[in-house]
Amino acid sequence: MMDYGYLTDPGKVRDHNEDSVIVTKNISNECLLAVADGMGGHRGGEIASSIAISHIGKRFSEISSIGNKEDAINWIKDVVSEANVQIYKYTSENPESTGMGTTLVMAVLTRDFLLFGNIGDSSGYVLKNEKLHKITSDHTLVNLLVKSGELTEEEAKDHPRKNVLMRALGATTKVEMDVFDVETDVDGIMLCSDGLTNMLDDEQIAKVLSEKSSIDERLNKLIVKSNNRGGTDNISVTFLEMKEGE
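Every letter in the sequence shown is one number past the one before it in our numbering, and letter 138, counting from 1, is 138.
FYI, nobody ran anything at the bench for these hints, they're computed from the structure.
You may find that some hints are simply not true.
[Unchecked claim] List of simulated lysine-lysine pairs, PhoX-like, C-alpha gap at most 20 Å: (1) K77 x K25; (2) K131 x K207; (3) K134 x K147.
[To be verified] The calculated label-pair distances, taken between Cβ atoms and stated as ranges, are: (4) V164 x K12: 33 to 43 Å; (5) E70 x K128: 46 to 56 Å; (6) G67 x K174: 38 to 48 Å; (7) T152 x D216: 13 to 23 Å; (8) D158 x K58: 32 to 42 Å.
Cβ coordinates follow ideal geometry from the N, Cα and C atoms, glycine included.
Based on the sequences and whatever the hints tell you, model everything.
What follows is the structure in structure tokens.
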């Protein structure tokens, strides 16, 4: 048994929303969640994130089953490559959209396994015992500097170049998706764009997600809190909650 929902909001500063979100199931009741945070002028970010989410969602809903874990990892990598080619092709045919691209974070949940994948700085988490655990690793310049020991976690938080991406869909002809194999014994799965995590820390998010209200109410509360703290970017979040008996 599971319950899920998603919400996306332009925030308080941007005049339009370049994020795209989907939660969908296939014939076997396997579940796909995905969030894409687009970038680029002439509404290119909107187009890039929409191409990625539409393609991945359509392909997932068409398959009867994603198969075993190895099949699923291959499917994730293939479908992301296909979406990347579509975005790259759109840019080459529409020169005004040069520079557009999108981040992507996704999760696939079946009866037997849970996989996360990401490109860019949209994040995937699991909720367990009212605590959030980040699964994905951001493909940013600042995160690279943290890993190499040139920056501390604290210095990274307010670094002037914290939004410089090292990887995005549509930026090059080929793209590499990081895939993470996660235990299924969790209370929930959350994916979000950095519009949420730049405004609220993991503890604040976990506190709201652990409340007993409906998922829609909890997600709305996260959006309101983010906007109250400035809402400097588009905010998107999807949450899937495991229910007793699963």
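Q. Would you say the C-beta atoms of D158 and K58 sit inside 32 to 42 Å of each other?
A. holds, 39 Å
Q. Between K134 and K147, does the CA-CA distance stay at or below 20 Å?
A. holds, 16 Å
Q. Is the straight-line distance between the alpha-carbon of K131 and that of K207 20 Å or less?
A. Given pair K131, K207 holds - Cα atoms ~8 Å apart, limit 20 Å.
Q. Hey, K77 versus K25, does the alpha-carbon distance stay inside 20 Å?
A. Roughly 19 Å separates the two Cα atoms, so the pair holds.
Q: Take a look at whether the Cβ-Cβ distance between E70 and K128 falls inside 46 to 56 Å.
A: Roughly 25 Å apart at Cβ, these two residues miss the hinted range, so it is violated.
(Q) Between the beta carbons of T152 and D216, is the distance compatible with 13 to 23 Å? (A) The hint (13 to 23 Å, Cβ to Cβ) is violated, given that T152 and D216 are roughly 38 Å apart.
Q) Does the Cβ-Cβ separation between G67 and K174 fall within 38 to 48 Å? A) violated, 24 Å
Q: May I ask you to test the hint 33 to 43 Å on the CB atoms belonging to V164 and K12?
A: Given a distance of about 23 Å, which is not inside 33 to 43 Å, the answer is violated.
Taken one by one, the earlier hints fail for this structure at numbers 4, 5, 6 and 7, listed in ascending order.
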